[in-house]
Each structure stands twice: as C-alpha cells, then as structure tokens.
Amino acid sequence: MKRTSWFNVTSLTLGFAFLYLPMIILVIYSFNESRLVTVWAGFSTKWYGELFRDQEFLDAAWVTLKVAVFSSTLATVLGTLAAYVLVRAGRFHGRTLFSGMIYAPLVMPEVITGLSLLLLFIGIGLDRGVFTIVLAHTTFSMCYVSVVVSSRLATFDRALEEAALDLGCSAFDAFRLVTLPIIAPAVISGWLLAFTLSLDDLVIASFTTGPSATTLPIKIFSAVRLGVSPQINALSTLLIAIVTIGVVTASIITKRAAVAQARDEQAAARTA
Amino acid sequence: MRRAILIAIPYLWLTALFLVPFLIVLKISLSDIALARPPYTPQFDFSAGLEGLGAFFSELDFENFVFLTTDDLYWKSYLSSVQIAGLSTLITLAVGYPVAYAMARADEAWRPTLLMLVILPFWTSFLIRVYSWMGILASEGPLNAVLLALGIIDQPLQIMNTNVAVYIGIVYTYLPFMILPIYSALEKLDGSLLEAAEDLGCSRLSAFWLVTWPLSRPGIIAGCFLVFIPALGEFVIPSLLGGSDTLMIGKVLWEEFFNNRDWPVASAVAVILLAILIIPIVLFQRNEQKAREAEG
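Quick mapping for you: the protein sequence lines, in order, are chains A and B.
Quick note on numbering: the numbering used here labels position 218 of the first sequence as 218, and the sequence is numbered without any gaps.
Quick note on numbering: the numbering used here labels position 153 of the second sequence as 153, and the sequence is numbered without any gaps.
Certain hints may be false.
To be verified - Here are some chain A residues pointing at chain B (derived, C-beta under 10 angstroms):
(1) Val-39
(2) Ala-41
(3) Phe-43
(4) Gly-79
(5) Gly-94
(6) Leu-120
(7) Cys-143
(8) Gly-168
(9) Phe-172
(10) Thr-196
(11) Phe-207
(12) Val-224
(13) Val-228
(14) Val-243
To be verified - Restraint-style ranges between C-beta atoms, simulated for each label pair:
(15) B:Ser-206 <-> A:Ile-28: 41 to 51 angstroms
(16) B:Ala-94 <-> A:Thr-271: 47 to 57 angstroms
(17) A:Asp-127 <-> B:Leu-26: 23 to 33 angstroms
(18) A:Ala-250 <-> B:Ala-94: 27 to 37 angstroms
(19) B:Gln-285 <-> A:Tyr-20: 29 to 39 angstroms
(20) A:Arg-225 <-> B:Gln-285: 34 to 44 angstroms
I should point out that these hints are in silico values taken from the structure, not numbers from a laboratory.
Just so it is clear, CB atoms sit at the ideal spot from N, CA and C, and this is done for glycine as well.
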C-alpha cells in the first residue's frame, strides 16, 4: 500500500513549510543589521547584545522563570492528587462538580479566567504580583496535569497496588513505591506541560499581575504592539532554540529508551 | 478520614480559585458601575447581616445585559467572533486534513519524526508564533516583496491589520490541534478496507469519500472543536494582527476592562461569551464520549 504519491509529498512539503517558514524568517531577521524588515543590511548580532544589556528584559525573564518553576511544581502536586481522587477515590459527595471543575478550565477562554481571578484577588484585598500569578497559573495548569496523569492512572493495573498492600505496605508507601514510579512519565510530562503553559501565558498574567511583576510575555506584548522590534526577534530566536533543543533531546531519549527496552526483552526471551 | 483530606485539598483549591471567582464575575455582571474602588456597586457588607443580604440582592439587576443588546458593538462582536472562528476552523480543516492524511500514509519509520515536527510548534511560545507574522505580512515585508518580484501583484497588499491577517494567524497557530486528532484517526484506519473498496470497483476518489472520510470523522470533529473553542475567545491574534475594525469578543472584553474600566460590562460580556461557548463544549464532550465508547 505504501506508494509514494505526489499528492502526499506535496501536502507534507507545503504543510511543514507553512508551519516552519514564519519561524525561520523570524530567526533570519534577528541577525539583520537594519531595524527594518524591508532591507537586509548585513549579518549582525548586535540585537542580541542589546537584548542582554536591557535590564528590563532580564528582570522579566527572571520573574517568568520564578513563576513557571513555582506554579508548575505546585500544579504537578495538586494535579496528581486531583487525578488520584478522580480515578481512585470512588464515589463521594460532589464528585460531578469536582470533575467539572477539572475539565472546565481547559476550555475556559483565558480572558474569562484572568478577569475572574483578578476580581477575586481584588475582592479579598490580595496584593498583586508574583504570588498572585503563581496562584492563577497553578489553578489552570493543575487541570492539564490531572488530565495527563489520570489517563495514565486509568490504564494502570491496580493489582500491583493491592499486592503491595497485601505484603504489608501502608497506603502511602504503596503509593510512593509502586504507583508513583509507574505514573512517573505522566507526572513528568504534566510538569513540562505546566511549565510551558506558564512561560507562555500572556492573558492571565496580564490580568493577575501588579505593577511590581512584569513577565516576559507581558514585556514582549507591549514591545511588539506597535510593530516589529529587532530585539524581540533576537529574544524569539533564543526561545525557539531552547524549545527545539529540548524537544529534540527528549524525543531522542524516549526513542533510545524504547530501543533499549526492545533489546532487553529480546535478550530475556532468548535466555528463557 | 485520610481519604477526606486527599479529596479536600484539590477540591477546596479549585472551589476557591475557579468556582468562587466565576461566581464573582456573575455577581458583578449584575451590579452597577460606580466611581469607587473597586468601581462597582453594591458591595456586600458582612456586618449588616441578613437584612444587608436582602438589600444587596435587591440592588442587582440585568441592566448590563440590556445595555449589551442596545449597543451595536457587542452583538456585532459576538457575531463576528463566531464568523471568524467558524471560517478559520474550516480553513484549518482544509489545510490540516491533507497533511494528516499524508502523515498517516507515510512510511512507518518516518512517522515519529513527522509527529514531532507537528508537536514542536505547540511547545514554542504562542505569542512568538503570532508575532512572527507581523513582519511577514507587513506591507513592505517579505511576502509582499516575493509577490511583487514574481509580478503577481503590482502594488503591496495591505494584509496586516485586517481580518485576513487574523484568519492567517488563527489557522497558523491552531493547525497542530487540527492535524493531531485527524492523524490519530487515520493512522488506525485498516488499509485492507480501501483495497476491498477498490477491488469492488470503487475509484480511488470514491473509496476515499466512502471509506476514509467517514472513518476519520471523529478526528475531524475533535479537531474542529479544538480549534473553534479557543479561537472564539481569542485575544492575542486579533489585537496583534487585526485592525481597529476587527471585532472579536476577547478583545472587546479586554478593552472594556483595561481601557474603559467598566467592570460590570466586562463581566457581562464574559458571561455571554461563556453562554455561547457552552453549546460547542457540550457537543465536544458528547463526541469524545462516543469515541471512547466506540473504542472500549
């Protein structure tokens, strides 16, 4: 059935060109000597230099990183707990509301989430800044974590947990020694997802921040609102490079692990 | 007892930071704008007790919602959001389906790489991907330069700050959400079904239409919802790529809140946006449920 048809090759080429050309053009222009997109005035890395000398960008990057680390870690703990409750706790009073509150933030428009949290923070008189952004990001990303983790928990063989309990483990030890190692890949991808969502968020952070905390997306948005900025091109290139390296490394590691596992299984089959 | 604590932690967190804030929005949408901090009335006064509660409720009304129906801006924005989100969903389907189809037909050794190439943009900042089009679509940008050089146009096209740029932005940023579910539906498709159809005298085109398309329908529906739902409340794309005449409800809400500081109206806009979204969200859930049942 595997014919190389011109139609499929064309679709793939055009599709991937559409996905990647804009980013490639952005990277190229970040090395442009000129401030304008119209002219190519020669290769230069001066925008990168300007970017690193700009204290505001460095501060914003630091705030963003802090928010992302705290919120994704908190979201992973809460999200895993929520997934556990959803899959394992059986029936309890208000379960429907609980699962509704897990899924609703996934489809809630960001403007509404942001607006509602801001109104809450003002209502209870909380000073807005890094702390309130962390609360906001934790809330929506814990839902993503719990969806990722609960799909892993649902396919997991409960007999393993029961065996640990029968052999005298406490419920907590059974979770720590049996369940957690098995769902670990899902927990890690949940953390990564939460981390990226936090790094990326403009709308919710804009609503929930105060004058003391500016995140990188807020800074980028205010810089490009009125047009293209060469410094932002340089910053974007750096961010694209980091993500590309991360994703490619992760996929190579997973592939190697799969190959190694297949080899081990073969070896085991031979000895048996 | 321990079980109760385990349940209580995420439960209380979501109640405090998701449910309660939403109820506050609902309440403020029924309040009046006031020159005060915070800028709306009535405020709930705990010291007044039950009588205060009665007085509080009697001051709430639907004035803001009535206002939304009288001012053209709002219902035009709702209509144009639905139109922009709907049309760009169809364009995304038209662009995404052939890519997903070709991916599912590609050599098995290639598929993980192709899949990674689709997922990679998803990890890249959404804001940056939208921003990348600002330079390309500018009237003196590379797209116009290429079209002029090829002689296709003799004057630069004004694409930036129009609805066309908004369509391009939505299709571009949400394309992976369309490709992935369609791909996973098509990948499971049994090739012998197509061979059977061809053996029984179907042309390849009608085999596609009678076999492949219906079997990929759950993926198509899921993809369409995954694009349509977030596109409807989109803020970043219309505000960076759109013009002043681009009406999208996410942008209106933002401006109402930050520029006009009219919190009651912003809250009413939010409540209506959610009411519009509930229909596609419920349909999406049903579709997912059906897909799960069909598999299980």
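Results for each hint:
Interface restraint check: A:Val-39 against chain B, minimum CB-CB distance 9 angstroms, threshold 10 angstroms, status holds. Interface restraint check for A:Ala-41: the shortest CB-CB distance to chain B comes to about 14 angstroms, outside 10 angstroms, so the restraint is violated. The restraint placing A:Phe-43 at the interface with chain B is violated, with a minimum CB-CB distance near 17 angstroms, outside the 10 angstroms limit. Residue-level restraint check for A:Gly-79 holds (minimum Cβ-Cβ distance to chain B is 8 angstroms; threshold 10 angstroms).
For A:Gly-94, the interface hint holds, the least distance from its beta-carbon to any beta-carbon of chain B being 7 angstroms, beneath 10 angstroms. With a least beta-carbon distance of about 4 angstroms to chain B, the hint placing A:Leu-120 at the interface is held under the 10 angstroms criterion. For A:Cys-143, the interface hint holds, the least distance from its beta-carbon to any beta-carbon of chain B being 8 angstroms, beneath 10 angstroms. A distance limit of 10 angstroms between C-beta atoms decides the matter here; for A:Gly-168 the minimum to chain B is near 18 angstroms, and the interface restraint is violated.
Of the supplied interface hints, the one on A:Phe-172 holds, with its beta-carbon coming within about 9 angstroms of a beta-carbon of chain B, less than 10 angstroms. Because the beta carbon of A:Thr-196 sits about 6 angstroms from the nearest beta carbon in chain B, less than 10 angstroms, this interface hint is met. Hint on A:Phe-207 holds. Least Cβ distance to chain B is approximately 8 angstroms, under the 10 angstroms limit. Interface restraint check: A:Val-224 against chain B, minimum CB-CB distance 5 angstroms, threshold 10 angstroms, status holds.
Among the interface hints, the one on A:Val-228 holds; its C-beta lies about 5 angstroms from the nearest C-beta in chain B, closer than the 10 angstroms criterion. Here the hint on A:Val-243 is kept, as its CB sits about 5 angstroms from the closest CB of chain B, short of 10 angstroms. The beta-carbon spacing between B:Ser-206 and A:Ile-28, approximately 45 angstroms, falls within the hinted interval of 41 to 51 angstroms. At about 54 angstroms, the beta-carbon gap between B:Ala-94 and A:Thr-271 stays in the expected band of 47 to 57 angstroms.
For the pair A:Asp-127 and B:Leu-26, the supplied restraint of 23 to 33 angstroms holds, since their beta-carbon distance comes to about 25 angstroms. In this structure the supplied range 27 to 37 angstroms holds for A:Ala-250 paired with B:Ala-94, their Cβ-Cβ distance being about 31 angstroms. Look at B:Gln-285 against A:Tyr-20: about 33 angstroms separates their beta carbons, and that is inside 29 to 39 angstroms. At about 36 angstroms, the CB distance of A:Arg-225 to B:Gln-285 agrees with the hint of 34 to 44 angstroms.
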